[in-house]
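2 protein chains.
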Amino acid sequence: MGGRVLTEDDRRVLLRDAIDRGDATAIAEALRQIDEAGDDPVEYLDQLSPRDLQRFAHALGADEVGDLLGEFDPTDAADLLERLPLAHAADVLEAMEPDEAADVVGEIVPATASQIMVAMEPLEAEELRELLAYPPDTAGGRMTPAYVSVSPELRADQAVVALRRVAEEAETINYIYVQEEDERLLGVLSLRNLVLTRPDSRVRDLMIEDVYTILVTADQEEAAQLLNEHDLLALPVVDSEGRLLGIITADDVADILEQEATEDIERLGGSQPLEEPYLRATPFLLFRRRIPWLLALFVAEAYTGTVLRHFEHELSNAVALAFFIPLLIGTGGNVGSQTVTTLVRAMGLGQVRIRDLFRIVRKEVLTAIMLAAVLSVVTFGRAMTLHVGVDMGMVVGITVVLIVLWSALVAAVLPLTLRQLKIDPAVVSAPFITTLVDGTGLVIYFTVARMILHIPNS
Amino acid sequence: MGGRVLTEDDRRVLLRDAIDRGDATAIAEALRQIDEAGDDPVEYLDQLSPRDLQRFAHALGADEVGDLLGEFDPTDAADLLERLPLAHAADVLEAMEPDEAADVVGEIVPATASQIMVAMEPLEAEELRELLAYPPDTAGGRMTPAYVSVSPELRADQAVVALRRVAEEAETINYIYVQEEDERLLGVLSLRNLVLTRPDSRVRDLMIEDVYTILVTADQEEAAQLLNEHDLLALPVVDSEGRLLGIITADDVADILEQEATEDIERLGGSQPLEEPYLRATPFLLFRRRIPWLLALFVAEAYTGTVLRHFEHELSNAVALAFFIPLLIGTGGNVGSQTVTTLVRAMGLGQVRIRDLFRIVRKEVLTAIMLAAVLSVVTFGRAMTLHVGVDMGMVVGITVVLIVLWSALVAAVLPLTLRQLKIDPAVVSAPFITTLVDGTGLVIYFTVARMILHIPNS
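Here the protein sequences come in this chain order: A and B. If you're matching positions, the first sequence starts at 478 in this note's numbering and goes up one per residue. If you're matching positions, the second sequence starts at 478 in this note's numbering and goes up one per residue.
Pulled out of the complex, with its shape left as it was, chain A reads as follows (with noise of 0.2 Å):
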């Protein structure tokens, strides 16, 4: 290969090769080069015949494609699952982490999935039909069984003896749980600490009894802050009786922070969640996403057609009076846009609550009235360089100063006041402030203007 930069067709050249000669040393050469050059390898192996595909996977070996998987969106797991024969799939589920290969069965029509998990290890399958039993974004959707517990009678060196037993097929031994006979966790014990203790000390008198848990129905941005907050490696699941069910690793918050990052942008730019990779998203599931909400909003919006007709009669004496009309409603927009996502997000970082609300409108007020001073001097120069007088002028100074400050306050009260109404806050979006403020924008407006302007009744 030497020095030489390989394009997109050597790449899959390189693959179908390494396929044909069935050379799991030269597949695994194909699939970092693509890695390296930034490419998708989902979209390599999308491509293959299901025949090669089955062959991929032959020479691969099951253990190498689960974690390929893994690392992969899980629809597009499933998706590549779906075309492999029952046993390989089989096969495939059982390498993989159980919490990752809960996440992918979930992406599997339902017959197929229960096809291929008879075709499992009944245990294996077993703890994944448990898993699967739990909403996905919740704590015990997220879980993952492979973790290592001793009983706390035991002697650290003895623990240690336990551990090599148990450590294959564990996620993580960083740390080491204590559970009573029935279940129940007593403690927890870091590798680092077992370690570096005297051998004959006991269990009981190294472990850390004071441990952070959370309930297996609890929401799964509540465990990542949990885990994010207190910088654990993993954090114990457990039901109301204080059982241990699973634990959710460290390398889970980072997806589940920017799976809840995506949802609350997406939110925000007016749209659902399209919960996929956007390049998979087909144009009618990108439509579904977007309809319920531009619907939604041209209904709210349309409130602005009534309000300008009932000016009718202003805007016929004073055409000028449209000249402004998008630029003062755009701007009054602009403002609760910007204040209603530096405000979401400050609420999904949990950074502000209800009982803060006082101080959030006192200050969102108080930025609004600079932003107003200098928006006015600003409106009343554009109105004088498209010639329509001192008096129009005015208006729009006059109103861009009202609508700054009316926008400022409702994109302040909007967010805390909807999660008080248990709505979520994200819908809020910079569309919905835009069109909120569009409608009662135009009424002050044309109050504005008729009471400056004096235009005679008809």
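No lab work stands behind these hints, which were simulated from the structure alone. Even for Gly, the Cβ is constructed at its ideal location relative to N, Cα and C. Do not rely on the hints blindly, as some may be mistaken.
Cβ-to-Cβ under 10 Å is the rule here; a few derived chain A residues that face chain B [stated by the list, open to error]:
| # | residue |
| --- | --- |
| 1 | ALA503 |
| 2 | ILE650 |
| 3 | SER814 |
| 4 | LEU852 |
Distance ranges between label pairs, derived from CB positions [as the list claims (entries may be wrong)]:
| # | chain 1 | residue 1 | chain 2 | residue 2 | range |
| --- | --- | --- | --- | --- | --- |
| 5 | A | ALA695 | B | GLY858 | 39 to 47 Å |
| 6 | A | GLU706 | B | TYR689 | 50 to 58 Å |
| 7 | B | LYS899 | A | LEU673 | 48 to 56 Å |
| 8 | B | LYS899 | A | HIS790 | 49 to 57 Å |
| 9 | B | ILE846 | A | GLN592 | 35 to 43 Å |
| 10 | B | VAL867 | A | ALA514 | 50 to 58 Å |
| 11 | B | ASP677 | A | GLU646 | 23 to 31 Å |
Where chain A lies over chain B, by a calculated footprint (3+ residues, C-beta under 8 Å) [to be verified]:
| # | segment |
| --- | --- |
| 12 | 625 to 636 |
| 13 | 736 to 750 |
| 14 | 805 to 811 |
Knowing the structure of chain A, use the given hints to seat chain B on it.
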């Protein structure tokens, strides 16, 4: 306390009382109560007099205070540290993880920071100074030098003994790095492997040579992606010669991802990132972050005034045209905002790249055709309910199709194009795309109106 619910005032009294008694256990319990109530301990500590804060720090001890500050936002931690006597502050910094200490010192005014560092142990101060030399958003700015490393010639049991000596100081001993005498990184060994192997195995034979590393000057986001993608607990940071300088641990990933997501969200909302917790931001800071974009958007939006004055003749002849201005440009802006936020997020997650541009445009145009079809019918219907005539209904029905397609196209092309020009795509905020579509949307609207309504020339 029994089962009684504590109020905020109760918790303040509890804390103050514990400080008065100089009782570390009671202070810790008060902090736990504050934490459990979901309160921010920073707000409690901020309100203590300097003397009380000093007594608080003295009673709790430097180690505990260091742990506590490590959980705070660096700006908050810096504020508190500055209120402590120099010698006290130095002790606390020494007790903190070096990477966290560096983040905090970076937020202290330089003169005070130097004074505190002079009061520190020379070696620890030196370590801190080295870390401060790297920009905070690079791998170097995030790393900690508190890793453990061994020589490749040791046996496993000797390595465990060596670990015992340094484990106290290290941030993690889950990965043990293997270094040559010239400090080059040779490989890595997990604590797990070291413990579970035969005591007389050589480190050289146990270590994995193919280690993921990151260059000290690389972006912190790159480090987070590597750690996340490969589920690593720590990532070694090297210089261009391959010498090991420090490690970035998994607990930093969540912080990095949250910080980057926050910046993206705030940009998408149309303001400069705050870079500081919302409640600590002064109105003037919020003003400074928001006014540049508001003014830029104002100037761009001012163009709509020019467009409307240009079509003054059409507006005078058919005032009803004005009724639909907010509805049409609002809908265009909403479609653009949906598209742009979804795309910018997908780019942030590394899901789409410039070479996907054609696929993206195709996908967005197909989606927009479906959206336009539905919205066209609805818009025509709305025109009918406003009793403006079938001709006007056709004008707005056709206009909404064109505006939706145009808006989707612009929103699909712009983020990737900007990235090509090395501009952060997140500046294409919802307000930005709305503003862009407002002016061009009006041109489309009046052009369609002129053609269909046959308005006589003036």
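With a cut-off of 10 Å, does the beta carbon of A:LEU852 approach a beta carbon of chain B closely enough for the hint to hold? This hint holds: A:LEU852 lies near chain B, its Cβ roughly 7 Å from the closest one there, short of 10 Å.
Do the numbers back the hint for A:ILE650, that is, is its least Cβ distance to chain B under 10 Å? At 5 Å from the nearest chain B Cβ, A:ILE650 passes the 10 Å test, so the hint holds.
Any CB of chain B closer than 10 Å to the CB of A:SER814? holds (5 Å)
39 to 47 Å was suggested as the range; check whether the CB atoms of A:ALA695 and B:GLY858 agree with it. holds (46 Å)
If you check the beta carbons of B:ASP677 and A:GLU646, does the distance land in 23 to 31 Å? holds (26 Å)
With respect to the beta-carbon atoms only, verify the hint that A:GLU706 and B:TYR689 lie 50 to 58 Å apart. violated (26 Å)
Apply the coverage criterion to the segment 625 to 636 of chain B and chain A: a residue qualifies when its Cβ sits closer than 8 Å to a Cβ of the chain, and three qualifying residues are needed. Check failed, 0 qualifying residues.
Do the Cβ positions of B:LYS899 and A:LEU673 conform to the proposed distance bound of 48 to 56 Å? Since the Cβ atoms of B:LYS899 and A:LEU673 sit about 49 Å apart, the hinted range of 48 to 56 Å holds.
Any CB of chain B closer than 10 Å to the CB of A:ALA503? This hint is violated: A:ALA503 lies away from chain B, its Cβ roughly 17 Å from the closest one there, beyond 10 Å.
Falls inside 35 to 43 Å, the C-beta gap from B:ILE846 to A:GLN592? 39 Å Cβ-Cβ, so the 35 to 43 Å window holds.
Chain A covers the segment 805 to 811 of chain B, three or more CB atoms within 8 Å, holds or violated: holds (count 5)
Does the segment 736 to 750 of chain B contain three or more residues whose Cβ lies closer than 8 Å to a Cβ of chain A? Answer holds; 9 residues pass the 8 Å Cβ test.
Going through the hint list in order, the structure does not satisfy hints 1, 6, 12.
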